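K.L.:
Sequence:
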Amino acid sequence: MVKPDASIYHGFSCSFLEFFKELLENAEKSLNDMFVRTYGRLYMQNSELFKDLFVELKRYYVGGNVNLEEMLNDFWARLLERMFRLVNPQYHFTDEYLECVSKYTEQLKPFGDVPRKLKLQVTRAFVAARTFAQGLAVARDVVSKVSAVSSILCLCLLLMVLPWVVSFPVTMLLQNAMDALSSSIGA
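For the sequence shown, position 70 (counting from the first letter as 1) is numbered 70 according to the UniProt record's numbering, and the numbering increases by one without interruption.
Incorrect hints may have been included.
So the derived label-pair ranges between C-beta atoms look like this [claimed, not checked]:
1. 84 x 22: 28 to 38 angstroms
2. 135 x 92: 50 to 60 angstroms
3. 82 x 15: 33 to 43 angstroms
4. 92 x 64: 33 to 43 angstroms
5. 91 x 26: 37 to 47 angstroms
6. 90 x 26: 31 to 41 angstroms
7. 89 x 135: 47 to 57 angstroms
8. 92 x 27: 13 to 23 angstroms
9. 21 x 82: 23 to 33 angstroms
10. 121 x 92: 33 to 43 angstroms
11. 70 x 21: 19 to 29 angstroms
12. 103 x 19: 36 to 46 angstroms
13. 36 x 131: 31 to 41 angstroms
14. 103 x 15: 36 to 46 angstroms
Result set (DSS-like, lysine-lysine): computed pairs, CA atoms no more than 30 angstroms apart in a straight line [unchecked claim]:
15. 51 x 29
16. 58 x 103
17. 145 x 29
18. 145 x 119
It should be emphasised that the hints constitute simulated quantities derived from the structure, not laboratory data.
None of the values given here were measured: they were computed from a predicted structure.
Even for Gly, the Cβ is constructed at its ideal location relative to N, Cα and C.
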């Protein structure tokens, strides 16, 4: 029988984490390159909005306390405010006015159905990826604890089977092994 090794799950977990981070970085670079080609200086002057979006996506993925739906809603509201200013440079809008415009984003749908579709796709992908990565980490921890428990049980059996170990009181060794087992399971 092959004994499970926690390092295998640790390797899978690290590989998947790096793979997903690489996908995110490639997506960010591709989006940036496409927008630079399409919108040029106009995009470059406003690219921090998109950089912030990817920072938050990465933070969510690695376990940060990020509400994806709120974060994406904030992104679209900030993008609308920015676009509103860029499309109407002849006017000066107060923050209150732009905030009011943002509140009606759902009704106005300035970006069509894109925000809703993107929110759905991003949420599904990121929740699944993060859950999978967390599952690998839990599997690693379970295998590690089971390995520790099985080692202690083997020791207990060995001490019971080998009566010639008289230099140590067997009951005391068994008690120590059981204490270690209890603390290992409780940890």
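K.L.:
Could you run down the list of hints and mark each one as holding or not?
P.N.:
Here is what the structure says about each hint:
The hinted window of 28 to 38 angstroms between residue 84 and residue 22 holds, with their beta carbons roughly 35 angstroms apart. Under the hint 50 to 60 angstroms, the C-beta atoms of residue 135 and residue 92, about 52 angstroms apart, fit the expected range. At about 38 angstroms, the CB distance of residue 82 to residue 15 agrees with the hint of 33 to 43 angstroms. As the Cβ distance of residue 92 to residue 64 is approximately 36 angstroms, the hint placing it in 33 to 43 angstroms holds.
For residue 91 and residue 26, the Cβ-Cβ distance of about 38 angstroms falls inside the hinted range of 37 to 47 angstroms, so the restraint holds. One distance hint, 31 to 41 angstroms for the beta-carbon pair residue 90 and residue 26, holds here, with the actual separation near 39 angstroms. For residue 89 paired with residue 135, a C-beta distance near 50 angstroms keeps the hint of 47 to 57 angstroms intact. The hinted window of 13 to 23 angstroms between residue 92 and residue 27 is violated, with their beta carbons roughly 35 angstroms apart.
At about 27 angstroms, the CB distance of residue 21 to residue 82 agrees with the hint of 23 to 33 angstroms. A beta carbon spacing of about 37 angstroms between residue 121 and residue 92 agrees with the range 33 to 43 angstroms that was offered as a hint. Separation of residue 70 from residue 21 is about 22 angstroms and conforms to the stated range, judged on CB atoms against 19 to 29 angstroms. Taken as a hint, the range 36 to 46 angstroms holds for the pair residue 103 and residue 19, whose Cβ atoms sit roughly 39 angstroms apart.
Separation of residue 36 from residue 131 is about 34 angstroms and conforms to the stated range, judged on CB atoms against 31 to 41 angstroms. Here the CB-CB span from residue 103 to residue 15 is close to 44 angstroms, well matched to the stated 36 to 46 angstroms. Distance check on the hinted pair: residue 51 and residue 29 sit about 10 angstroms apart at the alpha-carbon level, within 30 angstroms; holds. At roughly 27 angstroms between alpha-carbon atoms, residue 58 and residue 103 fall within 30 angstroms of each other, so this suggested pair holds.
A distance of roughly 41 angstroms separates the Cα atoms of residue 145 and residue 29; the hinted pair therefore is violated under the 30 angstroms criterion. This hinted pair does not check out: residue 145 and residue 119 have alpha carbons roughly 38 angstroms apart, beyond 30 angstroms.
In the structure shown, a violation is registered for the earlier hints numbered 8, 17, 18, in ascending order.
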